[in-house]
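Colleague: Here is what each chain is made of, one letter per residue.
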Amino acid sequence: NAGVTQTPKFRILKIGQSMTLQCTQDMNHNYMYWYRQDPGMGLKLIYYSVGAGITDKGEVPNGYNVSRSTTEDFPLRLELAAPSQTSVYFCASSWQLGTDTQYFGPGTRLTVL
Amino acid sequence: RKEVEQDPGPFNVPEGATVAFNCTYSNSASQSFFWYRQDCRKEPKLLMSVYSSGNEDGRFTAQLNRASQYISLLIRDSKLSDSATYLCVVNEDNFNKFYFGSGTKLNVKP
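If you're matching them up, the sequences are chains A and B in order.
Read left to right, the first sequence gives residues 8 to 120 (my numbering).
Read left to right, the second sequence gives residues 334 to 443 (my numbering).
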């Protein structure tokens, strides 16, 4: 199993550009999450999904959108990139809510200039 | 007030030393607790869950103190490979309330 994969690994955007961060898991997990991690800080939950077609906001959803059309894929969309969105983005998945191990992808390092 | 607070360190210890980290949480209704390990520029990986009765996994021991609202991680016989940042994670009773601490950095030196 590849686990959780993310693309791209790195990206530089200009202010106002848009992009989609891809996340795929092959463990048949229902639950998927997007986090951002700023330098020297903990991870903050952006959005999560409890299954195909069901998503909800986390702690810091502004400026982002998600969709979940399949169990495997959970893309994160940035519509109008801003410098405040410069961060490392991690996608994760788990079998169960809350109490279960989350498996993380390798991350996407995004810089907005 | 932050939901989860950790001493950022760094903790610089020699090989073979015993080191302990604490993590405090603000919401007494918190349900689940974890320690994750994060290597430099890598993704977090689960180190261990923290149970009410405490739990041990080899050289690692985790404890929960609900009365004082903190969890701890003890590492015995430190190895060079233990050098990493240790993240405390707390889950509250609603699913989307899942809080990560900013991490405690450990450097184990020869």
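One should not assume that every hint holds.
Simulated pairs of lysine-lysine, DSS-like, Cα-Cα distance not exceeding 27 Å [claimed, not checked]:
| id | chain 1 | residue 1 | chain 2 | residue 2 |
| --- | --- | --- | --- | --- |
| 1 | A | Lys64 | A | Lys16 |
| 2 | B | Lys438 | B | Lys412 |
| 3 | A | Lys51 | A | Lys64 |
| 4 | B | Lys412 | A | Lys64 |
| 5 | B | Lys335 | A | Lys16 |
| 6 | A | Lys21 | B | Lys438 |
| 7 | A | Lys51 | B | Lys442 |
Just so you have them, the derived chain A footprint on chain B, three or more residues with Cβ under 8 Å [unchecked claim]:
| id | segment |
| --- | --- |
| 8 | 351-362 |
| 9 | 377-391 |
Take a look, some chain A residues computed to stay more than 10 Å from chain B by CB distance [unchecked claim]:
| id | residue |
| --- | --- |
| 10 | Thr27 |
| 11 | Gly49 |
| 12 | Gly58 |
| 13 | Tyr71 |
| 14 | Gln109 |
| 15 | Pro113 |
| 16 | Gly114 |
Please keep in mind that the hints were generated in silico from the structure rather than gathered at the bench.
Where a beta carbon is used, it is the ideal one built from N, C-alpha and C, also for glycine.
Colleague: Look at each hint and say if it fits the structure.
Modeller: Do the hints match the structure? See the list:
1. Lys64(A) to Lys16(A): holds (24 Å)
2. Lys438(B) to Lys412(B): Answer holds: Lys438(B) to Lys412(B) is near 14 Å, not above 27 Å.
3. Lys51(A) to Lys64(A): holds (11 Å)
4. Lys412(B) to Lys64(A): violated (40 Å)
5. Lys335(B) to Lys16(A): Distance of about 30 Å is beyond 27 Å: violated.
6. Lys21(A) to Lys438(B): Between Lys21(A) and Lys438(B) the Cα gap is close to 33 Å, so the pair fails against 27 Å, i.e. violated.
7. Lys51(A) to Lys442(B): Cα-Cα ~31 Å, so violated.
8. 351-362: With 0 residues in contact (Cβ-Cβ under 8 Å with chain A), the coverage given for the segment 351-362 of chain B is violated.
9. 377-391: holds (count 4)
10. Thr27: At roughly 20 Å from the nearest Cβ of chain B, Thr27(A) sits farther out than 10 Å, so the non-interface label holds.
11. Gly49: Incorrect as stated: the minimum Cβ-Cβ distance to chain B is 4 Å, not above 10 Å.
12. Gly58: holds (13 Å)
13. Tyr71: Holds: least Cβ distance 14 Å, greater than 10 Å.
14. Gln109: Violated, since 7 Å does not exceed 10 Å.
15. Pro113: Pro113(A) is in fact no farther than 10 Å from some Cβ atom of chain B, at 5 Å.
16. Gly114: violated (6 Å)
Of the hints listed earlier, those the structure fails to meet are numbers 4, 5, 6, 7, 8, 11, 14, 15, 16, in rising order.
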